[in-house]
Structures are given as structure tokens and as C-alpha cells.
Amino acid sequence: MTDAPILRIEALRKDFKTKNGTGVEAVAEVTFDIPENDFVCIVGPSGCGKSTLLRMIAGLETATAGSIDYRGETISRPRKEIGMVFQEYSLLPWRHVLDNVALGPEFLGTPRTEREAKAMEYLRLVGMEDFSRAFPHELSGGMRQRVAIVRALANDPDILLMDEPFGALDAHTRILLQKELLRIWEHHRKTILFVTHGVDEAIYLADRILVMSARPGRILDVIDVAMERPRHRSHPSYGPLAERILTILEQEAAASFRDTAAAQHGEE
Amino acid sequence: MVKTIFVRAAVYLLMPCLFLASWAFMARHLDNEVILPGIGQVAELFTQPTESLIAMGSLVRNVAISLVRVLAGYLLAVFLAVPLGILMGYYGTVFRLLNGFVALFRPIPPLAWVPLVLAWFGVASLATLFNVERGTAYLYLNNLKFSMVFIIFIGAFYPILTSTIHGVSSVRSTLLDSARVLGASERDIFRKILLPASSPSIVNGMRIGLGVAWMCLVSAEMLPGSLSGVGYLITHAYTLARTDIVIAGMISIAVIGAFLDLFFRIVEKRKFAWTRLTR
Numbered sequence: 255m256t257d258a259p260i261l262r263i264e265a266l267r268k269d270f271k272t273k274n275g276t277g278v279e280a281v282a283e284v285t286f287d288i289p290e291n292d293f294v295c296i297v298g299p300s301g302c303g304k305s306t307l308l309r310m311i312a313g314l315e316t317a318t319a320g321s322i323d324y325r326g327e328t329i330s331r332p333r334k335e336i337g338m339v340f341q342e343y344s345l346l347p348w349r350h351v352l353d354n355v356a357l358g359p360e361f362l363g364t365p366r367t368e369r370e371a372k373a374m375e376y377l378r379l380v381g382m383e384d385f386s387r388a389f390p391h392e393l394s395g396g397m398r399q400r401v402a403i404v405r406a407l408a409n410d411p412d413i414l415l416m417d418e419p420f421g422a423l424d425a426h427t428r429i430l431l432q433k434e435l436l437r438i439w440e441h442h443r444k445t446i447l448f449v450t451h452g453v454d455e456a457i458y459l460a461d462r463i464l465v466m467s468a469r470p471g472r473i474l475d476v477i478d479v480a481m482e483r484p485r486h487r488s489h490p491s492y493g494p495l496a497e498r499i500l501t502i503l504e505q506e507a508a509a510s511f512r513d514t515a516a517a518q519h520g521e522e
Numbered sequence: 024m025v026k027t028i029f030v031r032a033a034v035y036l037l038m039p040c041l042f043l044a045s046w047a048f049m050a051r052h053l054d055n056e057v058i059l060p061g062i063g064q065v066a067e068l069f070t071q072p073t074e075s076l077i078a079m080g081s082l083v084r085n086v087a088i089s090l091v092r093v094l095a096g097y098l099l100a101v102f103l104a105v106p107l108g109i110l111m112g113y114y115g116t117v118f119r120l121l122n123g124f125v126a127l128f129r130p131i132p133p134l135a136w137v138p139l140v141l142a143w144f145g146v147a148s149l150a151t152l153f154n155v156e157r158g159t160a161y162l163y164l165n166n167l168k169f170s171m172v173f174i175i176f177i178g179a180f181y182p183i184l185t186s187t188i189h190g191v192s193s194v195r196s197t198l199l200d201s202a203r204v205l206g207a208s209e210r211d212i213f214r215k216i217l218l219p220a221s222s223p224s225i226v227n228g229m230r231i232g233l234g235v236a237w238m239c240l241v242s243a244e245m246l247p248g249s250l251s252g253v254g255y256l257i258t259h260a261y262t263l264a265r266t267d268i269v270i271a272g273m274i275s276i277a278v279i280g281a282f283l284d285l286f287f288r289i290v291e292k293r294k295f296a297w298t299r300l301t302r
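Protein chains in written order, with this note's numbering: chain X, 255 to 522; chain G, 24 to 302.
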């Protein structure tokens, strides 16, 4: 991996204005590189700004300071090379599955027959071809997220951003989809940036794990996961790795709890 | 099974039957057709709906004229309220700019506009606008008085506007974000996300708006210069003490209102099946 990174994030910061006018720092001075074709997971306590970070990379939010470079270009708005999968249900409920998957190509002006063929091909990739005419409300949560993933892929992005995509699923479905995601990633070789609060999920999936602090979010630790795939949760490095990440997260959770309590105390 | 169907039908029909029975009883007891004519007398008017009544043309003709008026005011309201509602629902600045102002006029009942509207438009009609003074075109166009159309427009405008704003502003932001990430232009966002996502709410507002428009009809047709329409038929029949025609006119208004409502319910059921099952 001597090539230039596909994504370079430098001194990125994001402040939010709250209702009463005081600024809240959501992301503080985050710097990291993402090498091409890597699977990177970001873990952190809830509310640490990891979703905000992802939304900035997607071009949905503007940074307060710092820069995001995609292959040397600054990102300021959504672009088709960067796809995103959301945690919540993001399919258009009035369109059947095929039309949902074809949405990206449709926005880019691909003719109907061509984009439908493409959508069908991607549905086959996740074994959903028989559901092409089904409506989202007729699908299970796991099926919906499969469709959401291939919808992002149908635009043929270089980078796939995933914001806790399996967070709302039950444990069995989640494990199944993790496997499927790895299979897709190994076939299609995308760069994936995956946000999760599941330590286990991060270790199972990632080449590299970025551990974020409580708000304002900073990168506390970068861990390369060297285990070969397919990984098993019984692997001897699994436990110590989880232990290491959980210890950091626990300290962070305690710190943020103290801060919140102090802030509330101060307000009174 | 047969029994349950029978019971169901009985439940539905109980109130109407009781109502008709007490009507028949009261009419017989009072024995005064100005206060309450018999059922048969009113029903007879419906057996010959194309017969001319009290020198005003037939029931069907007057209903048709009223429908055209309502549709004119109503369509005007739809064409203004829907785009305005979409803009107000989507752009916070447009909402803040207009909402306080628009909300100021909302509590004014359509009927309260009558004196002002008469001062503005008088008896001017589409015939005046197009400068038509005779012929069949005159007869049709002269029936569309600006003042009437305006009263009906006011009645229909607010329910449509409010529902449209609500529909657009409650579109989940994830749908908009995911479309943007997939490369949607602002035009795509409006046409392919906002409009379909809020259409159940818009159509619901259109249904309520049409109901209100239809209700404003009688007051609109009582305005000076009006010589036709169910509303006018009712008021004119009242001055002649023809209570049977008054009731026949009321029934026509009710039945047509119910049919218009049914039309929208069918559209909602057919087109928006997806809303019933989404969380």
C-alpha cells in the first residue's frame, strides 16, 4: 500500500449551534487517511460525532474547519463516487425494489432498460432478484438493508460509507449481513468506512479500527486487525482486542458522564 | 355467516330507517307542508330531476351549474395552495416569511369575506372578463361570478395549504439525504422525493378542501347577481315557501358531497397502499 490514500482527512472539525445559541463541538481535530480498498471501522460511544464525521465525508454537512480530500479533490457536496448506507429505513416506500435500486443511475440519467438491467444484476448479488417487484413494506428489516446496500453499489462508488447499517437488525440477521457484506467487498473491492458501536462487529469486519472519544470526537486509537478472514469469534486475538477497545470506550463513557453531570450542575 | 351479514346490514340501516320513520310520523302529525313536507312529496321531485322547478330550470341543471362553480374555485385553490405548500414545507425561510401572514387570514370564515368581495367584484363574471355579451357562451360564462369563485376558493385554500405543508415537512430526512448521496439534483428532490412522499397528505388536504368548497357553495350562491345553482334554488324556494324543494336541494348537496368524498377515498386506497404499512 504505497499508493496515495483514497481519502485524506485533515484537522477536521465540526461545531453545531444549539437552540440557545451556544456552540457545541461535535467533532474536534480529526486527522486520518484511508488507503484504497481498505475496510475501516469507526467505533465510539454514542453521540461522539461519528455519524457527523460520515455525513461530512458524504458531503451532506460542511465542516467548520479542516479538509476532506477524495483522490486529491476537496469534498464539498455529495458525489457519485461516494455512496452511503443509513441505519434507518431509507428506501422510497412508494417504489418497488427494482426502482429503488435503479434510483442512483436514474438520477445520473441512465436510460430505463439499462438501469433496470443494472439494478437486477445487483439484486442477484444479494439473492434478492425474486423480490424486484416487492415494495419495501413487504420486506423484512434484513432484506431492506440488503436492498439499501445494493442501491448504493448500483452507482458504482469507490467508497462506501455505512452508518450503523445493521444497528436495527436482530443478532442473527446482523451476523448474516456482516458475512454478506464481506463477500461483496471481497468481490467488488470497494473502500468501506463503517461506523458502528458494536466492538465485536468492528473486529469481525475491519482491516483497521479507529476508536473515537466521547464528544467532541477525536481519534484515540488506531488498531490494525491482522487476523485472516473468514474470522472466527473463537480466534485467540479476538478477546484481547475486544478488551482493549472496550477499556477505552468504558473510560470515555465514564468521562462523558462526568462532564454531562458537571455541565448540568453548573447550569443550576 | 348469513346471520352476521344480516346483523351488519341492520346496524347500518337502523339510523336511516329511524330517521325516515320519524320524518314520516312528524310530517303526518304536523300536516303542514311548509314546515315539513312528506317524504313522498320530496321523493317525487327526484323522480323527475330534469323537470323545471319554480321557473329556475331543473334540479339537474342547477346542480351542474353549482358543480362547475365549485370546481372553478377549487381548482384555483389547488393550483395555488399545492406549490405554495411545497415551498413553505421545504424551505424554512419561505415558511417563516409567509406563515404568520397566511395564518392571519385563516380564522376568517369564508362568509365574512362577502361584503368585501362584493365591493371588489360586484356582479362581474367571466363573461365580463372576456367581454361576451350574448349567446350561449354568455349564459355559461356569466354563471361564473368572480365573487362566488373567490368565496369557494377561500374555503378550499387553507385545508389544502396546511396539509401540503405538513406532508412536505414530515418527509423523513433520511429519504432526502439518501437521494442526495445518490446524486439527486434539487429538481429530482422535488419531483421524485418530496412530491410522491407528501402526496398522501396533499390528496387528503384536497379531499377536505373539496368538502369545504362544496359547503361554501350555498353562501356563495346567495350573493347578489346569482340566478341559478342549488344554493340559489334553496333560497329561492324558501321565499316561495316550497319546503319540499328546499329539502330536495339539501339532499342533492349531501349526496354529491358524499360522492366527491368517496372518489378521493378510492384514490387514496388505490394509490397510497404503501402508507398503511410503513412505520
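Derived from the structure by calculation, the hints contain no laboratory data. You may find that some hints are simply not true.
Cross-link-like lysine-lysine pairs, in silico, PhoX-like; alpha carbons within 25 Å at most [stated by the list, open to error]:
id, chain 1, residue 1, chain 2, residue 2
1, G, K294, G, K215
2, X, K334, X, K273
3, X, K433, X, K372
4, G, K292, G, K215
5, G, K294, X, K334
6, G, K215, X, K372
Tested hints:
1. Distance hint between G/K294 and G/K215 is fulfilled; the C-alpha atoms sit about 16 Å from each other, no more than 25 Å.
2. At most 25 Å may separate the alpha-carbon atoms for a hinted pair to count; X/K334 and X/K273 exceed this at roughly 33 Å.
3. Pair hint X/K433 plus X/K372 holds up; C-alpha atoms about 23 Å apart against a cutoff of 25 Å.
4. Of the pairs offered as hints, the one joining G/K292 and G/K215 holds, with about 21 Å between alpha carbons and a cut-off of 25 Å not exceeded.
5. Restraint check for G/K294 and X/K334: not satisfied, since their Cα atoms lie roughly 32 Å apart, outside the 25 Å limit.
6. Distance check on the hinted pair: G/K215 and X/K372 sit about 20 Å apart at the alpha-carbon level, within 25 Å; holds.
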